[in-house]
Amino acid sequence: MGFTLKVEGPELIELGLESIRTVQFESDIPIDSNARSKDLGSTVILTGKILTAVDGEDADATRKIGLWSLVPAERADSYRKATVEVIAADQVVRKFYYPNAFVVDYTESYDDTEGVGTFTLVFKQKKDKISTITIEGGYGATTA
Amino acid sequence: MGFRLKIEGAELIELGLESILTAEFKTDTPDDSNARSTDLGVTAHLTGKILAAVDGENADDTMKVARWSLVPAENSDCYRKATVEVISASQVVRRIHFPNAFCVDYVEKFGDTEGVGTFSLLLKQKKDKTPNLKFEGGFGDAV
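Read top to bottom, the protein sequences are chains A and B. All residue numbers in the first sequence are consecutive under my numbering, ending with 144. All residue numbers in the second sequence are consecutive under my numbering, ending with 143.
Next up, chain B with everything else stripped away, as it sits in the complex (with noise of 0.2 Å):
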């Protein structure tokens, strides 16, 4: 399988199969709910890989993902229009946007055994905004 990113805001943040490892979605709402609760929460948990750009091509997207998590609340640039893709045999298996993402933990890892470092991305959907989301999949991927 492989995944796709894309977030757009003040600038396009884009990362593309080679990068991403795992990706996780997640509905949550309390778990001692006694019926359905409207305290619903909805996150994406992104691991991947950083990669240095050994033969002069640009360096990956994932600084802009950094910079992205260093925004503070009161400007509203950090909320952005994210978008994840998990895709395998040329089908798209979900597509999943999130129109008001914002960054909640951002972790880099760098080891000096490794030639490339990871990171831990995980964001969520602006909880008033949680019926913006859209939840897609099962359709071709036009390459």
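Next comes chain A alone, as it looks inside the complex (with noise of 0.2 Å):
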């Protein structure tokens, strides 16, 4: 399976199959609800590489992730679009799109025995917009 990330903002920055390596997708209410409750939030989980360019192309985009996910709440770019898609074998499984996406939390870790570095971005959509999220899939990919 490979996987794309496309966040729309003031800059456009895109993750493709090299760099993602997981991808976890989660809607959920508080566990002990009694009905279904209005407290729905729901969450995308992406862990990956961070690529060194070697070969003198550009540096992949995990840097302008950093510098998002450091943007102060009042400004509105906190806010982002993002998109995610899942492709395996030419299909589009799932194509999750967050039209106001913020972001949790993102680490990056480096070790002195590997070659890349790793991230994990959790980001959520803004509580009051969860009826705006769409989730699409079961058609083909188009191959650039």
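It is possible that some hints are incorrect.
[As the list claims (entries may be wrong)] In silico lysine-lysine, DSS-like type, Cα no more than 27 Å apart, as pairs: (1) B/K49 / A/K124; (2) A/K95 / B/K109; (3) A/K124 / B/K134; (4) B/K109 / A/K49; (5) B/K81 / B/K134; (6) B/K126 / A/K129; (7) A/K124 / B/K64; (8) A/K49 / A/K38; (9) B/K109 / A/K6; (10) A/K64 / A/K127; (11) B/K127 / A/K38; (12) B/K127 / A/K49; (13) A/K38 / B/K6; (14) A/K95 / B/K64; (15) A/K6 / B/K64; (16) B/K81 / A/K38; (17) A/K129 / B/K64; (18) A/K49 / A/K95; (19) A/K64 / A/K38.
[What the hints assert, rightly or not] Computed beta-carbon distance windows for the label pairs: (20) B/T113 / A/E11: 29 to 39 Å; (21) A/S109 / B/T113: 13 to 23 Å; (22) A/E8 / B/V54: 29 to 39 Å; (23) A/T132 / B/T113: 10 to 20 Å; (24) B/S90 / A/E57: 30 to 40 Å; (25) A/N34 / B/T113: 38 to 48 Å.
By construction, these hints were calculated from the structure, which means they are not laboratory data. We treat Cβ as the ideally placed atom computed from N, Cα and C, and that holds for glycine.
Two chains, two frames, some hints: make the complex.
Written out as structure tokens, the structure reads:
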């Protein structure tokens, strides 16, 4: 399976098949709810590699995610449009679209025995805008 | 053993033997109860695979489950009729029917070393409707 991430805001952030390792989608209400609760949140967790541009190509976009994770809450561009695609065998299995995503956690870690770093990005949809999330999939991928 | 899930509401969601890996049924009152408590809840926890439609067949219904998990509480469609069947050797071991099920947790996971994703669905019967739950089993499976 392969994954792509696109974050649209003041700048475009794109991470491709080489970078992302795992994708996790969650939607949940409090576990002790007696009935369907209004307290509904939706989260996406991505993990992946931070690649070094060894051949003179452009560095990957993980640095821009690091900068996005530092944008303070009073600025509008802390909310960005995020799209995650899950692609397998030329089929788009999932396309998650979060129009008002904000970063909850962003972690980068590096080690002296590895050639690449790893990142973990946790983003959430702004809670009052949950209804604008779209989930699509089950159609052929248009390979560029 | 095989499992089938059917969710009836605004749309029909069906997941079959190929998709579902485990099913867990749980009735729960507070652990510190001194006597039988009226605070009785019933949940079902299902885990399974998210299959990619590689041969041009229709995509599986897990996407509809994901959309159901996002239906807000003020919309009556957040409650749906869910039926879980446990089938073994052409016998229906259990058929558990939740007439007013709502989604508590839904998680999808995908990894770059796997060909399929996995999902985890936790659904619960609306607490004041717990007596409407049907718990059947022990009859032949009409295929």
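Going down the list of hints, with the structure as the test:
1. Of the supplied pair hints, the one linking B/K49 and A/K124 holds, its CA atoms being roughly 24 Å apart against a limit of 27 Å.
2. Proposed proximity of A/K95 and B/K109 is supported: the alpha carbons are some 13 Å apart, at most 27 Å.
3. Proposed proximity of A/K124 and B/K134 is contradicted: the alpha carbons are some 37 Å apart, above 27 Å.
4. Note on B/K109 and A/K49: the hinted pairing holds, with a Cα-Cα distance of about 17 Å set against a maximum of 27 Å.
5. Pair hint B/K81 plus B/K134 holds up; C-alpha atoms about 11 Å apart against a cutoff of 27 Å.
6. Under the criterion of a C-alpha separation no larger than 27 Å, the hint pairing B/K126 with A/K129 is consistent with the structure, at around 25 Å.
7. Simply put, A/K124 and B/K64 have alpha-carbon atoms about 20 Å apart, close enough for the 27 Å limit, and the pair holds.
8. Pair hint A/K49 plus A/K38 does not hold up; C-alpha atoms about 36 Å apart against a cutoff of 27 Å.
9. For the suggested pair B/K109 and A/K6, the alpha carbons sit about 18 Å apart, so the restraint of at most 27 Å is met.
10. Between the alpha carbons of A/K64 and A/K127 the distance comes to roughly 24 Å, so the proposed pair stays at or under 27 Å and holds.
11. About 16 Å separates the Cα atoms of B/K127 and A/K38, which keeps this hinted pair within 27 Å; it holds.
12. Taken as a hint, the B/K127 and A/K49 pair is broken in the structure, with Cα atoms around 44 Å apart against an allowance of 27 Å.
13. Simply put, A/K38 and B/K6 have alpha-carbon atoms about 25 Å apart, close enough for the 27 Å limit, and the pair holds.
14. Between A/K95 and B/K64 the alpha-carbon distance is near 13 Å, which keeps this suggested pair within the 27 Å criterion.
15. Taking the CA atoms of A/K6 and B/K64, the gap is about 23 Å. The hint holds against a cut of 27 Å.
16. The suggested pairing of B/K81 with A/K38 holds, with an alpha-carbon distance near 20 Å, which does not exceed 27 Å.
17. With a CA separation close to 20 Å, the supplied pair A/K129 and B/K64 stays within the 27 Å bound.
18. With a C-alpha separation of about 21 Å, the suggested pair A/K49 and A/K95 falls inside the 27 Å cut-off, and the hint holds.
19. Using a Cα cut-off of 27 Å, the hinted pair A/K64 and A/K38 is violated, with the two alpha carbons roughly 33 Å apart.
20. Checked against the hint of 29 to 39 Å, the C-beta distance between B/T113 and A/E11 comes to roughly 31 Å, which is consistent with it.
21. The supplied range of 13 to 23 Å is met by A/S109 and B/T113, whose beta-carbon atoms lie about 20 Å from each other.
22. For the pair A/E8 and B/V54, the supplied restraint of 29 to 39 Å holds, since their beta-carbon distance comes to about 30 Å.
23. Against the hinted window of 10 to 20 Å, the Cβ-Cβ separation of A/T132 and B/T113 comes to about 32 Å, which falls outside the hint.
24. Between B/S90 and A/E57 the beta carbons are some 59 Å apart, a value that contradicts the proposed interval 30 to 40 Å.
25. Look at A/N34 against B/T113: about 40 Å separates their beta carbons, and that is inside 38 to 48 Å.
Consistency with the previously given hints fails for numbers 3, 8, 12, 19, 23 and 24, ordered from lowest to highest.
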